[in-house]
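When you get a sec, could you build the whole thing from the sequences and use the hints?
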Amino acid sequence: MTAPLLEVSHLVKTFPARSGLLGGDAGTVHALSDVSFSVAPGEAFGLVGESGCGKSTAGRAILRLIEPDSGSVLFKQKDVFAADARRMRALRREMQIVFQDPYSSLNPRRTIGQTLSEPMRVHRLGTPKEIRAKLRAVLAEVGMPADAAEKYPHEFSGGQRQRIGIARALVLEPELIVADEPVSALDVSIQAQILVLLRGLQRRRNLSFVFISHDLGVVRHFCRTVAVMYLGRVVERGPVPAIFDDPLHPYTRALRSASPVPDPKAKVIMMKLEGEVASALAPPSGCHFHPRCPRAMPICKEAYPGWTQVTADRGVACHLFPATA
Amino acid sequence: MNSAPALVVDRLTTEFRIDGRWHAAIRDVSFTVGRHETLALVGESGCGKSITALSIMRLVPRANGRIASGRVLLDGRDLVQLDEAELEATRGGAIAMIFQEPMTSLNPVLPIGFQVAETLRYHTKLSAAEARAKALALLEHVKIPSARRRFDDYPHQFSGGMRQRVMIAMALACKPQIVLADEPTTALDVTIQAQVLALLAELKAETGMALIFITHNLGVVASIADRVAVMYAGDIVETAPVTTLFERPMHPYTEALLSSIPRVDRDAGDLKPIAGQVPPITAMPAGCRYADRCPLRIERCATRPPLVALPSDPRHEVRCWVRAGEPGASA
Amino acid sequence: MSEPGAARPEGTTVHASGGADTIVAERLAARGESLAHSTMPRERGALARLGAGIRRHKMASFGAAIVVLVALSAIFAPWLSPHDPLEQDVLLRLATPSAEFPLGNDSFGRDILSRILWGGRVSLYVSTAAVGIAIVIGGALGILAGYIGGKFDRIVMAAMDVLLSFPTLVMGLLVVAMLGPTVGNLILAITLTAVAPFARIARAPTLTVKERDFIEAGRALGFSNLRLMAVHILPNVLDDILVMAALWLATAIRTEASLSFIGLGVRPPTATWGGMIREGFENILDSPWLAILPSLAILIVMLGLNMIGDGLRDTSDPRLRHE
Chain A
282 MTAPLLEVSH LVKTFPARSG LLGGDAGTVH ALSDVSFSVA PGEAFGLVGE SGCGKSTAGR
342 AILRLIEPDS GSVLFKQKDV FAADARRMRA LRREMQIVFQ DPYSSLNPRR TIGQTLSEPM
402 RVHRLGTPKE IRAKLRAVLA EVGMPADAAE KYPHEFSGGQ RQRIGIARAL VLEPELIVAD
462 EPVSALDVSI QAQILVLLRG LQRRRNLSFV FISHDLGVVR HFCRTVAVMY LGRVVERGPV
522 PAIFDDPLHP YTRALRSASP VPDPKAKVIM MKLEGEVASA LAPPSGCHFH PRCPRAMPIC
582 KEAYPGWTQV TADRGVACHL FPATA
Chain B
698 MNSAPALVVD RLTTEFRIDG RWHAAIRDVS FTVGRHETLA LVGESGCGKS ITALSIMRLV
758 PRANGRIASG RVLLDGRDLV QLDEAELEAT RGGAIAMIFQ EPMTSLNPVL PIGFQVAETL
818 RYHTKLSAAE ARAKALALLE HVKIPSARRR FDDYPHQFSG GMRQRVMIAM ALACKPQIVL
878 ADEPTTALDV TIQAQVLALL AELKAETGMA LIFITHNLGV VASIADRVAV MYAGDIVETA
938 PVTTLFERPM HPYTEALLSS IPRVDRDAGD LKPIAGQVPP ITAMPAGCRY ADRCPLRIER
998 CATRPPLVAL PSDPRHEVRC WVRAGEPGAS A
Chain C
11 MSEPGAARPE GTTVHASGGA DTIVAERLAA RGESLAHSTM PRERGALARL GAGIRRHKMA
71 SFGAAIVVLV ALSAIFAPWL SPHDPLEQDV LLRLATPSAE FPLGNDSFGR DILSRILWGG
131 RVSLYVSTAA VGIAIVIGGA LGILAGYIGG KFDRIVMAAM DVLLSFPTLV MGLLVVAMLG
191 PTVGNLILAI TLTAVAPFAR IARAPTLTVK ERDFIEAGRA LGFSNLRLMA VHILPNVLDD
251 ILVMAALWLA TAIRTEASLS FIGLGVRPPT ATWGGMIREG FENILDSPWL AILPSLAILI
311 VMLGLNMIGD GLRDTSDPRL RHE
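Residue numbers (this note's numbering), protein chains in the order written: chain A, 282 to 606; chain B, 698 to 1028; chain C, 11 to 333.
One or more hints might be untrue.
[As the list claims (entries may be wrong)] Rough simulated footprint, nothing fancy, chain A against chain B, three-plus residues with beta-carbon under 8 Å:
(1) 883-897
(2) 910-918
(3) 951-957
[Said to hold, decoys possible] If you only want the chain A side, here are some residues facing chain C, beta carbon under 7 Å, derived:
(4) L344
(5) R373
(6) E375
(7) F380
Derived by calculation from the structure, the hints in this document are not laboratory data.
C-beta: ideal position from N, C-alpha, C; glycine also.
This is how it looks when you write it as structure tokens:
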């Protein structure tokens, strides 16, 4: 059994809340409250949840773009948060990020060539000639023509910009890519193009992904394992087909049945979930989901359920599945 | 039982002026919406579905856009010919619209109760107190929790899903015959979307109104639509009852679209993305607009195919030489 | 250093695009994008883009023509002026315009035309130097304050507020009174008042740009903060700075003239526009052209600079920039 590429343990992160219209202290946002998971080499790991669940925060914490309050991230057994500036710089070459918004992820004042070659120059990865060759190679790899290097981002469509963003993530030859909703801002047919591209890249380069998304269909297509998040915690984790075909946690069940499926006969199964997503400012006591949970029990209000490893590769945090001694 | 359609759109063409020349954003769009029917208008960005809705409501920005030709018949009256005063009386009254972005479609400096009541007072002869009472009833009806207490709250104090409910309350306030919903749930989380869609279905069943639901999400279409119209590059390319569309899609674009969607209920097969891009509005081909990307393309596709009903199913129309069952075309 | 973007209201996801009223604009933009080659110029450096912007805008082109003309005449004054600006001739005191002296002579018999040309040099030098230094210092402070944020931001902005509370003229008076009326001190005075507006102008776009994903991408790629500020944020801030620069050059010229007018500017007998107005003031009833001509010069230059500034402001409207 190979060692995991990435091990995330008990991440906690809070933010001071943005104040209201007239200023003043508005409390703290509990973005992450104990998040743990691990990713194997070459594995596509999905992180799903709705807005406010903390999945984007978790993704950025992994890359140390956000400093968590506590917890650890081990990348190839190296402690990411304990790395000094020099080691961090070297680590950064091995893990990269792809963003959601193709219109904000590229500097409008720089040509594509400049954007892609800059990381290589900063890390001194070759002579200008080698860098130019690498540039052409990576552009070809993401399906962009070589002459794109002289153009500016505004000359490209959303899908093309997303390809360029992916190229930028590949330029330093990372082993892990955190993809934060990489296809959510794209049209349906472009989504498919980008997903096929990412899958090809994953296979050829044996890349690991932390694939953040709210779209279960996309996650099912791309990921092998998935963790479902709600209000800063992982509520269920396991292999994708098992989690989506037979969800254990009531929230996963609700999420799954609320996800529309392009099949008119599947209409009837849409289960309504009453109530709003609770605020991360004031998470409900005990299990955060209890106010909306159709199967809530008295204990759910009192204590947060511990993690139960239901099978070797599947776990859930729910009082319906108490840990057996 | 009134079986006349709620709305008839007849060869609607809307143009925009780009760099001094007029280009058609939607061309000859025609469809009918039955009295209690939900018609889904589906397509990707740029296909013209939103422009169609704006054209129906006569909300096309006048600076650069115009309705070039066509009719929109609501109860026999052609909305395209109405003047502004008559239009204002109709909008919000007989025909209402729900927009996509819940954060910008409500006035941020007015309390939500006021905004709902305002709609009522504009279109009906209710007094201020009566309108207020009715507005409160509407808010409770769309299941805003603690509606009485929150009647005077401002939009920013509500979540996205709640704001969308307020919009629905406003749209339904005057019991319109038909409601246009332009991507009303696209910006919402999945579980909230399910709530809002369920609410819309309930309200529709109660009031018997017709609904045009615009979206790019085929899963949502499958859940709520009775009939579907698929748009591509400003044309309607296929119309069919919902089950027929998903089981037997005829237009190559519809087929391709359905095979390129990753599904949560099936294991990952290989996605088949559609190669190429939509042609830009200023450089639209004269013939079939999908021809460049179509695997079934024949010579005839250089001429624009008409939207025709299939011989086997009159309710299923398709705009394609190859698939329309024309004699002499290959299947 | 980075905080997450403002928490979205619960229940909303990130992938929404604008509402119906912006759909059309987006649609047009989306269409325009595929036609990049035919409808839009390629993005070039800030100066080149603004140059193109000026050419497109009629008023700004006109203003630019005026300013260039004046600048050239000032630079080539030693060759263009028919006489020595300092050469006095008692016999020609207050002479009206003649063939040899196209604009007449002042109260010391000096050629007004030459003095105006040479006066332009002083104005040009002082204003360009002051604004140039202010851009560098103010711009750097603004970008740093915006990028670093927190306490540093608050302190710097408070300092800028203090500077902003001094009208340029008052600052000029203070500096010159304390340190003496040299060209250097004049530049110092104007720079001190110009730093604050440039700091503000640089800080505002920095705050927006630093939240854009490509900055975070840079961090993920291991770029230093210095690189992010200098290479990525600065070019995005330059547009706004250049607009303000044109307008502030006008202010600087006016300030220099005002200070010279009240006698605190460059000492006579050096020709300066403000000084000429002051000297002409004594004879304003009999020989008004002594005061009017240099005033016209100032008016024309300031008009030209304001036209450029307004034109630039119009063309840098972000909605016209495809970002």
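Hints, one by one, checked against the model:
1. 883-897: It holds: at least three residues are needed, and the region 883-897 of chain B offers 9 whose Cβ sits within less than 8 Å of chain A.
2. 910-918: holds (count 6)
3. 951-957: holds (count 4)
4. L344: With a minimum Cβ separation of about 5 Å from chain C (threshold 7 Å), the hint on A/L344 holds.
5. R373: holds (4 Å)
6. E375: violated (11 Å)
7. F380: OK, holds: A/F380 within 7 Å of chain C, min 4 Å.
Of the numbered hints listed earlier, the single one contradicted by the structure is hint 6.
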